Amino acid sequence: MISYHLSEGLRNISRNKLLTLTAIFTISVSMMIFGIFLILFLNLNLLHEGWGERIQITVYLKDDTDKDGLIKEIKKEKEVAEVIYTSKEKALAEFRKELGREKEVLDSIGENPLPASLDVSVKKEYRSSEFIEPLVETIKMLSGVEEVHYGEEWVKDLTSLLKGLRVTGLFLGSLLALGIIFITSNTIRLTLYARQEEIEIMKFIGATKGFIRGPFLVEGALQGFGAGVLSVLLLYLFYSIAAYGIDFRLPGFNPGFLALSALIPIPLSGFLLGLLGSLFSMGRFLK
Amino acid sequence: MIEMLNVTKYYDGNSTALVDVNLKVEKGEFIFITGPSGAGKTTLLKLLFYAEIADEGQILIAGWDLYKLSKRSIPYLRRNIGIVFQDFKLLTNMTVFENVAFAMRVVGTPYKEIRQKALNVLKLAGLVHKADDYPLRLSGGEQQRVAIARAVGNEPTILLADEPTGNLDNRSASAIIEIFKEINSKGTTVLVATHNENLFTSSGRRVITLDSGRVAGEGLR
Chain A
1 MISYHLSEGL
11 RNISRNKLLT
21 LTAIFTISVS
31 MMIFGIFLIL
41 FLNLNLLHEG
51 WGERIQITVY
61 LKDDTDKDGL
71 IKEIKKEKEV
81 AEVIYTSKEK
91 ALAEFRKELG
101 REKEVLDSIG
111 ENPLPASLDV
121 SVKKEYRSSE
131 FIEPLVETIK
141 MLSGVEEVHY
151 GEEWVKDLTS
161 LLKGLRVTGL
171 FLGSLLALGI
181 IFITSNTIRL
191 TLYARQEEIE
201 IMKFIGATKG
211 FIRGPFLVEG
221 ALQGFGAGVL
231 SVLLLYLFYS
241 IAAYGIDFRL
251 PGFNPGFLAL
261 SALIPIPLSG
271 FLLGLLGSLF
281 SMGRFLK
Chain B
1 MIEMLNVTKY
11 YDGNSTALVD
21 VNLKVEKGEF
31 IFITGPSGAG
41 KTTLLKLLFY
51 AEIADEGQIL
61 IAGWDLYKLS
71 KRSIPYLRRN
81 IGIVFQDFKL
91 LTNMTVFENV
101 AFAMRVVGTP
111 YKEIRQKALN
121 VLKLAGLVHK
131 ADDYPLRLSG
141 GEQQRVAIAR
151 AVGNEPTILL
161 ADEPTGNLDN
171 RSASAIIEIF
181 KEINSKGTTV
191 LVATHNENLF
201 TSSGRRVITL
211 DSGRVAGEGL
221 R
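So the protein lines, in turn, are chains A and B.
Numbering-wise (the numbering used here), the first sequence opens with residue 1 and increments by one.
Numbering-wise (the numbering used here), the second sequence opens with residue 1 and increments by one.
Source of the hints: derived by calculation from the structure; they are not laboratory data.
Just so we're clear, the structure is a prediction, and the values are computed from it rather than from any experiment.
One or more of the hints may lead you astray.
Below, computed lysine to aspartate or glutamate pairings styled on EDC-like, alpha-carbon distance capped at 16 Å [to be verified]:
1) B/K89 x A/E197
2) A/K67 x A/E89
3) B/K46 x A/E200
4) B/K89 x A/E200
5) B/K89 x A/E198
Per label pair, the in silico range of CB-to-CB distance [what the hints assert, rightly or not]:
6) A/F25 x B/Y76: 39 to 45 Å
7) A/F25 x B/Y10: 46 to 52 Å
8) B/G63 x A/L175: 50 to 56 Å
The beta-carbon is built from N, C-alpha and C at its ideal position, and this holds for glycine as well.
With these hints in hand, go ahead and build the complete structure from the sequences.
Below, the structure written as C-alpha cells:
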C-alpha cells in the first residue's frame with residue numbers, strides 16, 4: 001500500500017513538473033528568508049559575545065584611596081571576573097606614549113593630573129545591561145571612587161536589539177510557515193482539480209479516504225522537503241558570498257553559518273508543512 | 001437485499017425529487033426502474049450508493065442501514081455495490097486492463113490475484129482482445145462494457161446501472177443487457193434505471209415506474 005502511495009505521489013510530481021518546480025522554488029524562497037534571519041540573529045549574538053568581552057567598567061579613584069581594600073570590595077560582587085589596577089604613574093606613562101611628540105604639554109603641567117583607576121571585567125553570563133547597571137551603581141557607592149565609566153549606551157542597544165530580533169523571528173517564522181502551508185495547499189489543489197474525475201471514480205469504487213489521500217500527501221511532503229533542501233543550498237551560497245564581503249570590512253570577526261542542528265530542521269519542517277498543506281487542501285475535496 | 005421504506009428526498013429545501021417511495025428488491029433479482037426524465041430514477045440510485053442522503057424514510061441495502069451509516073463506512077458499503085454510469089466514467093489515461101485492475105487495487109486486492117480476476121471480467125465483457133487499448137479508441141458500447149467489467153471486478157452483491165445504454169445504439173444496448181443477464185445469473189442483484197422501454201419490454205422482469213418522484217406503477221413486463 002505504501003509503495004502505491006509513493007509511486008502515485010511521484011507520478012503526480014512528474015506529471016506536473018512545472019507546477020511542482022514553481023512551488024518548490026516559492027517555498028524555498030520563504031524558507032530562505034527565515035534562514036537569512038536566523039543567520040543574522042546568530043551573527044549578532046556572536047558579535048554581542050565578542051564585544052561583551054570588551055565590556056569593561058573603568059573605576060577612577062580619588063587620590064590617597066586604599067586601593068587594596070577597594071579591589072577586595074569590588075571582587076566580592078558576583079558579576080566581577082577580574083580587577084586590574086592602573087596607578088597614577090602608569091596612567092601617565094601610557095598617556096605619554098599615546099601623546100608621542102606632544103608629550104611636552106604634560107611636562108609643562110608638572111604635577112600628574114591623571115587619577116589611578118581599576119579596570120573591572122564582567123563574567124560572560126552577566127554581560128548585559130540588566131546586570132551591569134546595578135553593578136555600576138554599587139561600585140559608585142563605594143568610598144574612594146571618583147567616577148565610573150562603561151559603554152552604557154551600546155550595551156543597552158545591543159541587548160534590546162537582540163530581544164527585539166527574537167520576537168521578530170518568532171513572528172516572521174510563523175508567518176512564513178503559514179505561507180508555506182498556503183503555497184503547498186494551493187499547488188496540491190491544482191493537482192486535485194486536474195484529477196477530480198479520477199478521485200470521484202475512486203470514491204464510487206469504494207476507495208477509503210486514506211487511500212485517496214496518500215499520493216497527495218506524499219506529493220506535498222516531498223515538495224516541502226525538496227524546498228527545504230534547496231533553501232539550505234541557496235542559503236549557503238549567499239552566506240559564502242556575504243561572508244567574503246564581511247571579511248574585508250570587519251577584520252577579526254568570523255561570521256558563522258547555521259550549525260547542522262539548525263540546518264536539519266529546515267527540510268524536516270518543509271516536509272511537515274508540505275504534509276499539512278496538502279491535508280488542508282484535501283479536507284474540502286474529500287467531503 | 002434492498003429495502004426502501006417511505007423514502008423522501010428534497011432538493012434545494014422544498015422541491016422534491018422522491019416522495020414516499022417504498023421498494024423491496026430480493027437477492028438475485030433483476031429489475032428495471034423507468035419513467036420520464038426528471039422522474040427521480042437517478043436520485044433513487046444515488047440514494048442507494050450514498051451519493052445522496054435521504055431526508056425521510058429508511059434504506060436498507062446489503063445488510064447496511066444507511067440511516068446509521070458512519071462516514072468511515074461509506075467506502076465499505078460501496079464495495080458491495082457495482083455502479084455503471086451513462087457516461088462510463090473511465091480513466092482515459094489508463095488502458096482497458098488498467099481501468100479494471102485499478103478498481104481492484106483500490107479495494108486492496110493482492111497484486112497476484114488482480115491479473116487473473118481482471119482478465120476474467122474482461123472475458124465476460126468480451127473485451128480481452130482490447131485489454132491494452134485506451135478507452136478513447138473504443139466505441140461507446142465497448143467503453144460501457146469496460147465500465148461494467150470494472151463494476152463487477154470486485155464481485156459486488158448488487159449492480160446499479162444508471163441509463164447504461166443512454167449513449168448507445170440498439171445493438172450495443174442489447175449486448176449490454178445480455179452481459180447484465182449473465183452477471184445476474186451468477187447471483188448478483190441488478191437494478192437498471194432506463195427510460196428506454198425496448199430494454200425491458202417482454203423481458204419478463206419486474207419494472208418499477210417512477211413519475212414526479214412517486215412510484216406510479218409496478219409489474220412484470
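Structure-based check of each hint:
no.	hint	verdict
1	B/K89 x A/E197	holds, 8 Å
2	A/K67 x A/E89	holds, 14 Å
3	B/K46 x A/E200	holds, 14 Å
4	B/K89 x A/E200	holds, 9 Å
5	B/K89 x A/E198	holds, 9 Å
6	A/F25 x B/Y76: 39 to 45 Å	holds, 42 Å
7	A/F25 x B/Y10: 46 to 52 Å	holds, 49 Å
8	B/G63 x A/L175: 50 to 56 Å	holds, 52 Å
The structure fails none of the hints (numbered hints given earlier).
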